[in-house]
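Fit the two chains together into the complex; they arrive one by one in their own frames, and the hints show the way.
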Amino acid sequence: MPAIEMTDAAALPADWRDILALTKPRVMSLVVFSGLCGMLAAPQLPPLVLGFTAILCIALGAGACGALNQWYEVEIDAKMQRTAKRPLPDGRMDRQTALHFGVGLAVFSVLLMGLATNWLAAVLLAASILFYVLIYTVWLKPRTPQNIVIGGAAGAFPPLIGWVAATGHFAALPLLLFAIIFLWTPPHFWALSMFVRSDYAAAGIPMLPVVAGIPSTRRHVFLYSLPMAAAAIAPWPLGLTGPIYGAAATALSFAFVVLAALVLASRASEPAEMHAEKRLFGFSVLYLFALFGALVADRWLAW
Amino acid sequence: MKVEEEIVRRQRARARIMAWLLGAFVVLLFFITIAKTGINW
Chain A
63 MPAIEMTDAA ALPADWRDIL ALTKPRVMSL VVFSGLCGML AAPQLPPLVL GFTAILCIAL
123 GAGACGALNQ WYEVEIDAKM QRTAKRPLPD GRMDRQTALH FGVGLAVFSV LLMGLATNWL
183 AAVLLAASIL FYVLIYTVWL KPRTPQNIVI GGAAGAFPPL IGWVAATGHF AALPLLLFAI
243 IFLWTPPHFW ALSMFVRSDY AAAGIPMLPV VAGIPSTRRH VFLYSLPMAA AAIAPWPLGL
303 TGPIYGAAAT ALSFAFVVLA ALVLASRASE PAEMHAEKRL FGFSVLYLFA LFGALVADRW
363 LAW
Chain B
3 MKVEEEIVRR QRARARIMAW LLGAFVVLLF FITIAKTGIN W
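The listed protein sequences derive, respectively, from chains A and B.
Our numbering puts the first residue of the first sequence at 63, with every later residue one more than the last.
Our numbering puts the first residue of the second sequence at 3, with every later residue one more than the last.
Note that these hints are calculated values from the structure, not bench results.
Some clues are possibly wrong.
[Claimed, not checked] Selected chain B positions facing chain A (in silico; Cβ < 8 Å): (1) 8; (2) 14; (3) 15; (4) 16; (5) 39.
Just so it is clear, CB atoms sit at the ideal spot from N, CA and C, and this is done for glycine as well.
Isolated chain B (complex conformation) (with noise of 0.2 Å):
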């Protein structure tokens, strides 16, 4: 494998569990700010 081929393929698999934590923390966030409000559904 080149090593130009093999840094985007590390890249883009970084890049993409990024993506996902990034998205998981958003969705934390969203939740404890309904817990910590009192929100009530």
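If we strip away everything but chain A, and leave its shape as in the complex, we get (with noise of 0.2 Å):
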């Protein structure tokens, strides 16, 4: 963009692509899969278009908790160089703005799913929604080390939320969708946590790397794993899913515990060093896509 004429580049309006930025658009693309493979798992579908828009009030509402979680943590931000070119620490938007793109976006998302779909999946929205904002932005996140371990339930409604707003009720097979997020997130966030923990401590958030240190961190993530694997297989063995689920969970747990194990073996102590903890921070996304990818494969090809 060419230079302009003035310092404080917040008092412009606001460009949409710095609006479009504070949804954080890549968290939403996991949000999304996950959603849709939540919608695609359960034993009904809606017709198209209620199915799209209730994807399409998943994404919103994961764009509102991008917006309100930025417009809460601007001096945060500020303090990290991972963070510190976003809009608002930048100085290129002002935090009202922000705010008022949060709010309307999340109110919006609701009411939406609400009349599109059903009034539970709604509330579970709003739920997903005020529990990121409130629970862990606000609260946990700069008072404990468990901040990740508890705020990860905020990621893990999707999924649920998409099988809701299919069926209108809950089953087992999206709460085991639920707890495999919950548990994968400690071990995907404390492995980015450990690399990063420079910025973490820079900010004053307590992450575990910064407040019990790498050894501990990295004992967590092993730990971590082992449930999050059995809680990954589950489904296979509770007849929820067929074959190619399980043999896609199993192969996937087993390389993500091995990788787990890698880190803990690890005794790298700077981040150019931590290769182990790079690799399972990257394996951990494509584990939760190929995971999910396996269900709706074993859904639509097996049954």
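Here it is, written out as structure tokens:
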């Protein structure tokens, strides 16, 4: 963008690209994918346009969470190298715009979800937004190193919402999908937080590697990967899925636990040397995509 | 670029996107209504 003749860019109307960036589009992609898989794994599908609307609402709800998170954490983001270039800490947008956008998007997504699908799905969507913003961002994140353990529940809602949007009720499988993401979140984030811990320390966020140290975090990563693997494989022996999912979940979870064991065995102390941690973090994203992809494949190919 | 020009450029860009989104929302509401009322074409 050409340079403009003023120093305070936040005094200008926000650029639409910066408003879009508030929604954290990359995080949204995983949320949308897991929500879509939750819906596609359900025994009955809603009409196409209602299914599309439900996924759209999940995406908009996730975008609202991103905007409200950035509105609340602007001072923290400014202190972290990873987030300092976001629109608010970089001074490209005023905070009030972000707040209005986030609240507006949250209310719109919940109302549209209720009108298009059912109000149980809308209540779940509202609960997930409130949980992420109030319980995780405002309460837990700045206070406890266990922030991501409990806060992980916010990211675990989408497959449950997708399922409920399609069927109108709860069932064992979507609750297990919730448990999988809930248990996957700590090792995923702790792997990341080990090699960006200086960022969290500078911002005063009590992430586990900052508070308890790297060796303790490595033990936590490995220990949490075990119940996560058990939850991921569980739908198969419980008869909730078929062998396609069972084989994929077993292989993927085995690989996850092996990579977590390599993290446990690692002695690297500098972020540049933390290859095992970076490998686990990269694989953890692939793991969730592949696991949920296998769930849908199993539902549509085998049943 | 002058400040006034930049303000107008940003307002125009946002207004254009808002118009497209509102149009898409109207179309979406139409199809949601059709699906909810169970009308077959």
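How the hints compare with the structure:
no.	hint	in the structure
1	8	5 Å, holds
2	14	10 Å, violated
3	15	6 Å, holds
4	16	5 Å, holds
5	39	11 Å, violated
The structure shown violates the earlier hints numbered 2, 5.
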